[in-house]
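K.L.:
Next come the chains, spelled out residue by residue.
Number of protein chains: 2
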Amino acid sequence: MTALPHPFDQAISLEPAGGDLFAGHTSEHYWNAISPFGGTTVATLLQAILAHPQRLGDPLAMTVNFAGPIRQGGFTVRVHPVRTGRSTQHWQMEIRQEGDAEPAITGTAVFAIRRETWSDLESKLPPVTGPEGLERYASPARVPFLQMYDIRYVDCNPLAGGENSTTQCWIGDVPPRKLDFPSVAAFCDAFIPRLFVRKGAPRPISTVTLSINFHVDGETLEKEQGKFAFGKAKANAFYGGYYDQEAQLWSQEGTLLATTHQLVWFRE
Amino acid sequence: MTALPHPFDQAISLEPAGGDLFAGHTSEHYWNAISPFGGTTVATLLQAILAHPQRLGDPLAMTVNFAGPIRQGGFTVRVHPVRTGRSTQHWQMEIRQEGDAEPAITGTAVFAIRRETWSDLESKLPPVTGPEGLERYASPARVPFLQMYDIRYVDCNPLAGGENSTTQCWIGDVPPRKLDFPSVAAFCDAFIPRLFVRKGAPRPISTVTLSINFHVDGETLEKEQGKFAFGKAKANAFYGGYYDQEAQLWSQEGTLLATTHQLVWFRE
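Which chain is which? The protein sequence lines are A and B, in order.
Each residue of the first sequence is one higher than the last, beginning at 1 in the numbering used here.
Each residue of the second sequence is one higher than the last, beginning at 1 in the numbering used here.
Hints may contain errors.
The list treats identical chains as interchangeable, and a pair is accepted whether it falls inside one copy or across any two copies.
[Claimed, not checked] Pairs of lysine-lysine residues, derived as BS3-like cross-links and limited to a Cα-Cα distance of at most 27 Å, are as follows:
1. Lys199 with Lys223
2. Lys178 with Lys223
3. Lys234 with Lys124
4. Lys199 with Lys227
Keep in mind that the hints were calculated from the coordinates and are not lab data.
In this text, all values refer to a predicted model and were calculated from it rather than measured experimentally.
Chain A on its own, in the form it takes in the complex:
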């Protein structure tokens, strides 16, 4: 008996296409309204570096710029190690589709070999009810990728509207899947848009750029048992057609997995 791969693994799967190039394909499961769910795009770039023979260590940080639309179909990922030091490695990343003069996606990433040092967690997992005690949120939105995430809010109806965009929720894959770097990266873009929270309803939005700082190494991440991550997200400002989102993601065991911020184009 052969188990089918998880739809997320299918969505981010890549074929080596020579040197720094990898061939990928958009996923119908992780499709958003008019383009792929940005989280899978971010995870796909990360997956390309993880699969690159010259890769050093674990992801430390990445920035992904959504410069143009990705259409349904095939695409080429290029990840290039620009500079490799003793313990850090700097990457350039892009995604192109056939026939396009310009990349749809650009970005950079830093990988590093971590080492034993003094450690301290200042931002701790809030004392909240675990995912088992909460109900899955039934989103009124109909876009496919939302069916691929089990989101459980601890404190609110995210579309109640109000003066504060902060939300707190558990996020897990559907079907449940062990946490790894690509899934954590995708979770960073899985929060309900802050504008929807403020306005109490969906509006046209589009992420322009997204950055992630990782706070866990591969060995620790591998040991995490829980398949949910806890996310706390907020906006600092909505101004002149753009707003930001800042978020923190913890494992169920309380490890800070990642912090992330993004800038989003919006229309009222």
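Start from chain A and add chain B according to the hints.
P.N.:
The following block gives chain B in isolation, referenced to the frame of chain A:
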């Protein structure tokens, strides 16, 4: 009578060198222990895009990766508009020095034309004493660039040590200088390192990557009267040889200028 340019303007001044290239030079005023103050590097990249004839609108976001050391002397900045849409423009950036096979600095930036929309500031300037009522902090560190910043803490001796790395301070140029995008970008890297705050003393550190989201347009920034910005900075986690710093910067008038996060290599 001709006034000398501000040392900051000298530090980030560039000569067009054809197409996407600009020639710059490190500044002795903004020198750090073994390399230029990272804030001037970030500001120099921004300055190159602001000076580029194809530039569209105002800075929205940027990520700068410190891939290798910059030596004292000349350097070449390359800023390339990768993709230009109706209202956003995506840039690639790098800095190289003669004789080096690899860039010292890589990065990306997004510029945009902002437009009138519903706006709201969720992260407000805390109700703190203005810079006039506070004393300039006399840093025990001897590196040149610290002389170029007037930093006034509202709540602490930043080197008192303790369990929480959060600091709140006013930051201004020396001599006083009107706020603009390059100075705000440089301020984003002018916070005392979070590790120093926790340990109560300097330790070896080096910023690996820094991202900025801007929340103000050029027209509004031009109208700001105060020459100080208020900064609140904290770390989320110190782990495996790296820690992060997140900060917010407001004008004296209460405009949120920028939010920023960076990842820093450290030794105990």
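K.L.:
All hints, please: hold or fail.
P.N.:
Evaluation of the provided hints:
no. : hint               : in the structure
1   : Lys199 with Lys223 : neither (39 Å within a copy, 30 Å between copies)
2   : Lys178 with Lys223 : within (10 Å within a copy, 51 Å between copies)
3   : Lys234 with Lys124 : both (16 Å within a copy, 13 Å between copies)
4   : Lys199 with Lys227 : neither (31 Å within a copy, 35 Å between copies)
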